[in-house]
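Model the full structure from these sequences, guided by the hints.
Residue numbers (the working numbering), protein chains in the order written: chain A, 1 to 406; chain B, 1 to 406; chain C, 1 to 406; chain D, 1 to 406.
Fair warning: there could be bad hints in the mix.
Any copy will do: because identical chains look the same in the list, a pair fits if it lies in one copy or spans two.
Mimicking SDA-like on lysine to any residue, the simulated pairs with C-alpha atoms at most 25 Å apart in a straight line are [what the hints assert, rightly or not]:
hint, residue 1, residue 2
1, K272, S76
2, K272, P89
3, K406, E301
4, K272, H303
5, K272, G307
6, K272, E301
7, K272, G331
8, K272, V397
9, K272, S305
10, K272, R259
11, K272, D300
12, K272, R284
13, K406, D279
14, K272, G86
15, K272, M334
Note that these hints are calculated values from the structure, not bench results.
There are 4 protein chains.
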Amino acid sequence: MVDESESVRSPSLGVWLIGARGSIASSLAYGIFGLRQGLIDPIGIATEVAPFNALGLRAFDDIVFGGHEISNGTLSSSAVELVRHGILPRDLVAACSGDAAALDARIRPGLLDVADSGDAHVNSETLALGGLSQRAKVERLRDDIIHFREEHGLERVVVVYLASTEPWTDERESWADLARLDAAIDANDETPASCLYAYAALRAGAPFVNFTPNRGASIPALRQLAEEVRLPHCGNDGKTGETLLKSSLAPMFAARALRVLSWQGYNMLGNKDGASLADPVRLRSKQRSKDAPLRAILGDETHTSVGIDYVPSLHDWKTAMDFVHFQGFLGAKMTLQFTWTGSDSALAAPLVIDLVRLADFAAARGEFGVMPQTACFFKSPLECDVHDFHAQFQSLVAYALERAPK
Amino acid sequence: MVDESESVRSPSLGVWLIGARGSIASSLAYGIFGLRQGLIDPIGIATEVAPFNALGLRAFDDIVFGGHEISNGTLSSSAVELVRHGILPRDLVAACSGDAAALDARIRPGLLDVADSGDAHVNSETLALGGLSQRAKVERLRDDIIHFREEHGLERVVVVYLASTEPWTDERESWADLARLDAAIDANDETPASCLYAYAALRAGAPFVNFTPNRGASIPALRQLAEEVRLPHCGNDGKTGETLLKSSLAPMFAARALRVLSWQGYNMLGNKDGASLADPVRLRSKQRSKDAPLRAILGDETHTSVGIDYVPSLHDWKTAMDFVHFQGFLGAKMTLQFTWTGSDSALAAPLVIDLVRLADFAAARGEFGVMPQTACFFKSPLECDVHDFHAQFQSLVAYALERAPK
Amino acid sequence: MVDESESVRSPSLGVWLIGARGSIASSLAYGIFGLRQGLIDPIGIATEVAPFNALGLRAFDDIVFGGHEISNGTLSSSAVELVRHGILPRDLVAACSGDAAALDARIRPGLLDVADSGDAHVNSETLALGGLSQRAKVERLRDDIIHFREEHGLERVVVVYLASTEPWTDERESWADLARLDAAIDANDETPASCLYAYAALRAGAPFVNFTPNRGASIPALRQLAEEVRLPHCGNDGKTGETLLKSSLAPMFAARALRVLSWQGYNMLGNKDGASLADPVRLRSKQRSKDAPLRAILGDETHTSVGIDYVPSLHDWKTAMDFVHFQGFLGAKMTLQFTWTGSDSALAAPLVIDLVRLADFAAARGEFGVMPQTACFFKSPLECDVHDFHAQFQSLVAYALERAPK
Amino acid sequence: MVDESESVRSPSLGVWLIGARGSIASSLAYGIFGLRQGLIDPIGIATEVAPFNALGLRAFDDIVFGGHEISNGTLSSSAVELVRHGILPRDLVAACSGDAAALDARIRPGLLDVADSGDAHVNSETLALGGLSQRAKVERLRDDIIHFREEHGLERVVVVYLASTEPWTDERESWADLARLDAAIDANDETPASCLYAYAALRAGAPFVNFTPNRGASIPALRQLAEEVRLPHCGNDGKTGETLLKSSLAPMFAARALRVLSWQGYNMLGNKDGASLADPVRLRSKQRSKDAPLRAILGDETHTSVGIDYVPSLHDWKTAMDFVHFQGFLGAKMTLQFTWTGSDSALAAPLVIDLVRLADFAAARGEFGVMPQTACFFKSPLECDVHDFHAQFQSLVAYALERAPK
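Structure representation (structure tokens):
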């Protein structure tokens, strides 16, 4: 007995997920499967509502997923975890098992970052891939994407980077332009996996969305490549929780001319991301992303601090506690304190589908390079100094209104 | 020995405070005195920063205060309370005693609202005023304002209504147009004190700012009067705390297409406003103001509730605890909880000075009627459906940029 | 195929649940079934740990459930709701379906309180019961309990009252002693259902546990009856959440000689209990229970307030936000604010099993009347002025140590 | 003109404060001066209420203060800071200026810890003291205490250690007994200042209270000395805020057999203590004190974490935000979150007066060695495994009841 649920449709957009069996990817895939079957409402997907729903963005039925993954396991084993922690409804997982199995079969071995090598659950094909030269690796990744597009007769593939936070790496000279990057790859120089993936995606003709704080396509050489191949890309680091709140609240203090003395943020994470951030070098990548927005909105006089702690019992349910100390008229000192508790995956997944649709839309219109309209989705939006969430969102609205059919 | 601190200046703008010895008025007056002497920084005053500081708004040195008040006491006795509770710095109060005494001498007996009559501390002149006809009352109030303007050679007087919350009153037929209102006043019909004050202000040629949830100038008859006498006015109910936060945060949920299931707000007030809101009929006025913004932004499907409790030990330090229950992708339920603690007076006073400056500026340019640009200052902005704080503030910025000197 | 899971055991203790298909009863029953099968850990059951585990209390395997219920439906339909809201694990429900069906078959029609009559889901047998005289009703209830004991050959039955909060009723003259109560029942006077149940239980020879704020066995006439029939009983109102926290924290303030100025408690409930508390008369019953402990510990100078709001989206997940304003040395004012979120049923159910075991133990030892050792389980412990949770718990520990085998 | 306020009394108890111009010492001294004059209520002083007020403890009038201090400045300059931040009422400071000046004149140069040497505000006499041998230093400190006792004809002096947190030092062999410690001092070995102070106090015949996490008298050699000279002593680290709450709340979770999965504590400090804890080696001293109580009550399975951050804008107003993740019946996961804001000095000062009175009382009765009855005052009580605040407090109550006059 064959599951025909996808074969009878003619999907025209491929979504290639790097980290395809991770929590976000699993939540996203099952969520889209569930939406297709009418099992859930499209809550949290901004592109489903006005004014974005007038743009003719890709329908859920027109999407097919594939991806890279370094870990062993199946999508349904990821789903079991998400059911256990109350993210994925069990009925939905059961109803979408055919779709999930079909996606599982399309997942290809991913690339280990140099810092990942101790992980016990890495699949053997990924380990084999590690023996190749850098050039051979990017060609393999690129070919996987191209093969996916051709096999499914897809009009376009958008690549979304959803893997773990890499250790922070300072900018290198070999990243300054494309020629030097190509030389470094040929010389087999160590290069962050996120950059190799971005390189491969763009070389495969695919728009690239970097949902992590990793370098991805944000180094000058890859921005140059995106311009040359005339493809859109965006990033970095999805704005899903505490930073979203900060960038929504801080503008109010600025508008009221209140003086924010201190803003302390404490983040508790229990998932794989939290575990990897227990490594201080990886943590640095994340903290840079999380601290910058406040400074941009409130200025450098505000004492800011962002803590990230691994609290295993929380699993996917991240909790942030922030304390804001501010001064008003007459020098009176006042406080705001908030606690935010949400599922990391359920907050992130709908942003991915929004970004995929917007990247597909931009590519279809011939727009390329950094996508400034997506700033509201990211903690560290590329080439953007505006961190005020509301201002960012108004830019997206304006972008949509300009392009909506009259 | 005479305090010369004001006599040597030539103030050109009068600010007439109704409730002139209340906490907000006292904080405002001492604050402006302190700013003139360079004792404090202008924190919390939006019109001190860009782009509003380019409009040539009235300087602190160019302002003289007067007002109506129903209670006995002096400004300095109000200040003692505010010092005790850590709002006014004692040094500032000491340094500004001359200015305060001069203001005290300019305060005239105010009008009791019918619901205030049990108050023990009402001054005898206010009680005497109560014996007059409604028409005689408004003439007395009007004459006080005119006399203030003439005595000090002021270019303009702005009247700001800062008195206690009145009991909620349903709209009346006699308020539908100016002719009927005049007839009702002549017939000595009971009319809310806030309406009589607004009537008197407009008849005295003064722009009117209603900082309370009371009716003030928002009834059709008085809006008509403002149009006829070509004066600007604005209100209602200063947005200083929990509602400010709600209207800053709720748009984020809307922008992210998250479904807010419940928004419970618990307000604890310890000041005179809190005590008067222990009366359920007055409370209704306030709750209407505080509940509407959320419904406007999030829709009627959200379960909302606004509680206001009198907690005497807090005095001027109001505390709000809000609980937001929302649903994201996959139906996952998440929460945001915040606690906001601030001085009611220190939050409100700088908004009053902003509104006075903007009303003065509008009047100087010949603008009249409702001032839509001031929506961001109010819980229930007149003739305005937008409650999103950021959108409101952008309107104010746009208003300023259009009128700034090139 | 027959489920043999219970038939092979020889249970010797019956637990008769009034409100047998409610959330607490369902959580309790499935929980005990799961514990028997080793599917879950006995978390939250104090009698499982030292020193109580040395008393030889009844084992989970030795318990059989029955009960009264007024609503239609089955235990498994209650379980579906609890699974949906993340209280009961679905696997546990599936694994215990045989036990649940067996229990369902033992549930008998309950008695409507006069205030319940509008409920749409009441079963027809309960409605029929409503037509009987008060005397006939209590005899029917009594007979159900006796029949349960005899049919299953039980050594003893403990009756636990878990139904909804009744409207507050002032003490009546007819409750002053047993003779008058009997006369009132014979005269067919309206009597709270909770009293009729308690009467029936004691007349059936069963110890009675009142887990609600309802009158239950706390009226003088029924306390007299318990003494006469030499049966133990306890109540009122299980201390599961906010009151538990209050009575744990307030003693610290007292021990440190800190002056608590205000203690504001805001409770949000989304379950049937919350809905019934939307009725202000029922609410009064609950608020009395929740307010008294603080006053007992901190004295009457503390301003206290307890709010209860119905927030449907929370379902069984009650959330309490408390604000404590206190004064320390030098008069410095300080604050404590807490937010507690827990499953009402999962917090309550293990206390019920503890109380059942303790009532059974007391009865076996010939102890009768009010059980003072159970004060730590109740918001309004009968005949007990101590509300300090730690002191209450130490009494229970002392009770156990005195009775433990040497 | 001479201030006679103290000379007319005949104080019989000396309190020698190490860190005599710090925030706690200043708050304490002004507070006691104010209590003598009837300017404030004795809030926060447990020994003022039953059952401790029946022990005949030393009256406020019978106490005279002196102390050691390393910083320049005066008590009144410390008071100015505390007034600015709303801890000390200005009127109290003004009214007690004579007492404060008299105390200032009795303060002697203190000893720098090796890690303090970079501090800019150290007084020159303290620097000179640094040039002496270890032996000469302890003799100087001892002589200061003896001179204070003799000059004022005091019956007894209690020494209280209130200086900054020292860097953590591992146990040394030379601390194992008194002979080795004496040898180390003679050999001029580096020894923590807190140990030298404790040594000097005991050699001066004074009971010693260590209110800090520093070693103080807790090393074996000094415990031996206290036994030999038959003096009582107690410590370490005053339990004033977050740890007080933890040790009040954790026992409730244990009593209810709930499983605490994670307890994250985030402390924000703005005072000198906070600044010194920005040094990770000093932080370690403090974190050890703060983490142990939870582990003792809840066991090692609970994931615990204690963060301490320096947030300068808070000054003396420390704020703690704790997040407790726990599991109940059926495995349901629940949360408690609290925020505690209090003045560090106003919380600590009354505990110091309690401890001084109790040490004086013990010494008067000939009790010596560690004072186990004081466990409830400390984060790391000496020779005590009980961290449950309520159990600790009951021990103190029992101690008092045993010794109260019948």
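Hints versus structure:
With identical chains, the CA atoms of K272 and S76 are at most 25 Å apart within one copy only, with a shortest distance of 17 Å there and 36 Å across copies. Taking CA atoms no more than 25 Å apart as the test, K272 paired with P89 passes in both settings, with 21 Å inside one copy and 24 Å between copies. For a Cα distance limit of 25 Å, the shortest separation of K406 from E301 qualifies neither inside one copy, at 46 Å, nor across copies, at 31 Å. In the homo-oligomer, the alpha carbons of K272 and H303 lie at most 25 Å apart only across protomers (17 Å), although the nearest pairing inside one protomer, at 29 Å, exceeds that limit.
With identical chains, the CA atoms of K272 and G307 are at most 25 Å apart both within one copy (17 Å) and between copies (22 Å). Only between protomers do K272 and E301 lie at most 25 Å apart by alpha-carbon distance; the minimum there is 21 Å, versus 34 Å within a single protomer. Within a single copy, K272 and G331 get their C-alpha atoms only as close as 44 Å, which misses the 25 Å cut-off; across copies the closest is 22 Å, which meets it. For the identical chains of this complex, K272 and V397 are neighbours neither inside a copy (34 Å) nor across copies (42 Å), given an alpha-carbon limit of 25 Å.
Taking CA atoms no more than 25 Å apart as the test, K272 paired with S305 passes in both settings, with 23 Å inside one copy and 19 Å between copies. For the homomeric pair K272 and R259, the shortest alpha-carbon distance between copies (23 Å) is at most 25 Å, but the shortest distance inside one copy (37 Å) is not. For the homomeric pair K272 and D300, the shortest alpha-carbon distance between copies (23 Å) is at most 25 Å, but the shortest distance inside one copy (32 Å) is not. Within a single copy, K272 and R284 get their C-alpha atoms as close as 16 Å, which meets the 25 Å cut-off; across copies the closest is 28 Å, which misses it.
Taking CA atoms no more than 25 Å apart as the test, K406 paired with D279 passes in neither setting, with 52 Å inside one copy and 53 Å between copies. For a Cα distance limit of 25 Å, the shortest separation of K272 from G86 qualifies both inside one copy, at 17 Å, and across copies, at 23 Å. Taking the closest pair of Cα atoms, K272 and M334 come within 25 Å of each other only across two copies (20 Å); inside a single copy the shortest separation is 36 Å, beyond that limit.
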